[in-house]
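Residue numbers (my numbering), protein chains in the order written: chain A, 1 to 275; chain B, 1 to 275.
By construction, these hints were calculated from the structure, which means they are not laboratory data. Predicted model only: the values in this text are computed from it and were never measured. Be aware that one or more of the hints could be misleading.
[Unchecked claim] Below, simulated SDA-like cross-link-like pairs (lysine to any residue); rule was C-alpha separation at most 25 Å, straight line:
hint : chain 1 : residue 1 : chain 2 : residue 2
1    : B       : 267       : A       : 229
2    : A       : 27        : B       : 73
3    : B       : 31        : A       : 238
4    : B       : 64        : B       : 38
5    : A       : 31        : A       : 68
6    : A       : 267       : A       : 240
7    : A       : 274       : B       : 235
8    : A       : 31        : B       : 154
9    : B       : 44        : B       : 88
10   : A       : 274       : B       : 160
11   : B       : 31        : A       : 240
12   : A       : 274       : B       : 240
13   : B       : 267       : A       : 235
14   : B       : 274       : A       : 27
Number of protein chains: 2
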Amino acid sequence: MAEEREQGGRRQGTLVIIGGHEERDPKGPRKILREVARRIHGGKLVLATVASHKPEGYYDDYDKAFADLELGGLVELYVEDRAEAGDREKLEVIDDAAGIFFSGGDQLRITSQIGDTGIEAKVRALYERGGVIAGTSAGASAMSDTMLVRGTSSETHRIGDLHMAPGLGLIRDVIIDQHFAERGRFGRLLGAVAHNPRVLGLGIDEDTAAVVEGDEFTVIGSGAVYVVDGEHCSHSNVAEAQPERVLSMHDVRVHVLAAGDRFDLAKREPTPSKR
Amino acid sequence: MAEEREQGGRRQGTLVIIGGHEERDPKGPRKILREVARRIHGGKLVLATVASHKPEGYYDDYDKAFADLELGGLVELYVEDRAEAGDREKLEVIDDAAGIFFSGGDQLRITSQIGDTGIEAKVRALYERGGVIAGTSAGASAMSDTMLVRGTSSETHRIGDLHMAPGLGLIRDVIIDQHFAERGRFGRLLGAVAHNPRVLGLGIDEDTAAVVEGDEFTVIGSGAVYVVDGEHCSHSNVAEAQPERVLSMHDVRVHVLAAGDRFDLAKREPTPSKR
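One chain only, chain A, in its complex shape (with noise of 0.2 Å):
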């Protein structure tokens, strides 16, 4: 069985977390995109819009961000409702493609309009054979098993105030925070962790992604990756009946990791970059 997994996570592609506003001037360095590109080695991508309630000018600003960049196409995906979600010409767009980048928005909308549909069946299929899928702001968040879908950010973390919803499962035991120091998300995000310590935290900065391959990822962009693991908290007081109180958790261990950082998923372990 542990065999049988190992397999089944070889055989798997790249997924790109991506904390919201990734550099996209045509003439910038485009970090980010430039290492989705690479990864596409020449082939198709497609732009999944579908977080966005109004996606008008996402193919755009991304075409043009792309355009130099050696993709073998950019085409987006868009899902008005969630009956369009099984289309046949919807559901083809991705059978050819070498990766999947999802645009931001609302998590919720991706979950709600592709969950259990063909297109989800699709993404997880191009995932298995070995594709990148990645994802920014909303399309990060939406990545993991469960995922943060709201809570406030910059102030006092309370213990009711934090919705999680079922996300795509591409990444397991993990739970993402996206525009993490430009919104002050580290309360929230140990709250979500305090839920339930399996279950590790990555807040991601802007301009900044963790780049997963197997049980490693290593970080790349502008910004940071802060890493919360609960695994060793001696309290914490989420379980109490009492939405108002203030989060109270104690011995969390955290890690900020900047780009060429790297970080293994299963022994829960950073290694600092080379450089």
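Mind docking chain B on chain A? Use the hints.
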């Protein structure tokens, strides 16, 4: 020597380190101001507004807030410039006080105006005879040996982006940050601790205080106190020569403490609230 230090510790008073914006509605619960007043035992409290360039209105505000809290008087102490910090009538204000409360503003105003003056000596003497030293926002930051002065909030922390200065030294081996969750300051507090992990980071939310007696503090108020312990930090890049690099710091221990939680500064161990 250890014994001497311990005895010295026993003689000392109480620090009330407040993260800013403590609730002071004359009809509100005023948990923090009430605790300050309770510890003054009907004595005189000095309101030191020296952190502010424009102290007008501070006294009236606090006078109303403390009105029914049974102080034996509230007296303002302001120092326009350093030359005044040796004036006899200014010094005498502190002689019969039971406590002093540093209001907000700029922590550099506090240290540059009163550092190494008669007022600083009087504050230290008040603390050593068992008095209460309270400080909010800038008044909180100034209490430590080395204090945080500036550093960007709500963005990725860069290793060169932190300004520290010598503080009043009322509490050793600690560095304090305030408005903590509200201004997304986790990154910069980690950065400060990375500079020398001997120093414990205390990040205090608004309307929240750490009440320090001897080696222990207790949390009061409506937010949380974050403790950043770098003792077991296995890697950091703060000594690298490129100030624009993003902080990388591995294996940091973090505690989030809510009202009633206690923390032993010597053992670096939290104790949960009894309720």
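Report task. Starting from the hint list further up, note which numbers the structure goes against and sort them upward. Result -> Hints 2, 6 and 14 contradicted; others consistent.
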